[in-house]
Amino acid sequence: MQTIYQKMETTELDAAIEALKAEVAEVKAKGLALDMARGKPSPSQVDISRPMLDILNADADLHDGNVDCSNYGCFEGIPSARKLAGEFLGCPAEQTLVLGSSSLLIEHDIAGMFWRCGSCGSDPWEAYEAAHDGKKVKFLCPVPGYDRHFGITADLGIENVPVAMTDNGPDMDEVERLVATDDSIKGIWCVPKYSNPTGITFSEDTVRRLVEMPTAAPDFRIFWDNAYCVHDLYDETDELANIFDLARAAGTEDRVVAFASTSKITFPGAGIGFIGASPAVIAEFSKRLKAGLISADKLNQLRHVRFLPTIEAVKEHMKKHAEFLRPRFEAVERKLTEGLGNTGCATWTHPHGGYFVSFDGPEGSAQKVAALCADLGVKLTPAGATWPYGKDPRDTNIRIAPSYPTVEDLEAALDVLVLAVKLVAAELARAERA
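With this note's numbering applied, the sequence shown has no gaps in its numbers, which climb one by one up to 1509 at the end.
Since the hints were made in silico from the structure, they are not lab data.
Since the model is a prediction, treat every value here as computed from it, not as a measurement.
Heads up, a few of these hints could be off.
[What the hints assert, rightly or not] Within a straight-line C-alpha distance of at most 16 Å, the following computed EDC-like cross-link-like pairs (lysine to aspartate or glutamate) qualify:
no.: 1; residue 1: Lys1390; residue 2: Glu1311
no.: 2; residue 1: Lys1115; residue 2: Asp1484
no.: 3; residue 1: Lys1211; residue 2: Asp1198
no.: 4; residue 1: Lys1454; residue 2: Asp1110
When you get a sec, could you build the whole thing from the sequences and use the hints?
This is how it looks when you write it as structure tokens:
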């Protein structure tokens, strides 16, 4: 599809470029300082959970059933928190661990376990390369995707292999083709509901194929980061199939390792994080963790489950978050449609939940757009961050994170983004004629 600038006569295009440059100069003179780089809850969202801080005081009962949360013990997490974790993840409480505040750290730790120790009778992943003439271990990375996921596997020396995202999740034809014959592919990263950054939710067919597909590697793992499982924007929500039920039916329950946390529910960096997996994987992970952990912060777990005792209570709480998030996502849709609709210069996703919008400009534009926005005082997620190693081969994708700025600041930042995309698209069209 051609952009409006590619369709212009050269004299008209040159005039358009000069007009856009004049607009850029006007914006630069304003000295803006706006940030939509990361998906952080706004201060107003964080304030929703302040009442939780009053739940435990000097007179509070610090027991959860028979567990004294003020002392050592209960490595797996307090019973009420494990029950809540199971409701989040869709597995029995006995197949969960409630650990620190960061699900990302849990992902890092279990990836490290598979790398150093193996699991369920399989060799450590780090031993694979030496046993196979230097062939590297690989991990599938749906793109555009989450940069910090890719960083975990890259840090271990695992080769990140991009696979395209579709409207139903990762391209399963490609995933099935790759894993069927290559035993160096040990897993896949997934954000299955309101995916980061596209906002899509995996279809039931995609989830089913992930657990049923033959894999050359017997120790293939699905890292199922269900970070946005309750982060709906509207009453009509996306539905995600229960991967544990499907895996159990397929006989591949050891394949699934699921994660979530309350970081974007209560307090970022001070919530509770949890993992769910088969009994065998949980037992193995527990054994490894116990070498360096007696128990996590049980008082924080207790505080959370008294504030949010059930998944139904969590969903009611999340409706308050949606009241703040919805106007921001609607501002993104409105500003992009007004500024770039019918120009051929951009496409973007229209999520029903989560924290991001995935934006694509013309080929070869993303780095230039991000740099121009930075020059004009608008900080974006670095172009390329949604691809492994920061290398977007077509240089088109930018992740928009609308949650943190005020609606007014967000609209101002989006105006700058629209202007930058137009100028870069026009200059690319002009360069084609040089």
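Going through the hints against the structure:
{"no.": "1", "hint": "Lys1390 <-> Glu1311", "in the structure": "holds (13 Å)"}
{"no.": "2", "hint": "Lys1115 <-> Asp1484", "in the structure": "holds (15 Å)"}
{"no.": "3", "hint": "Lys1211 <-> Asp1198", "in the structure": "holds (14 Å)"}
{"no.": "4", "hint": "Lys1454 <-> Asp1110", "in the structure": "holds (5 Å)"}
In terms of the numbered hints stated before, the structure departs from none.
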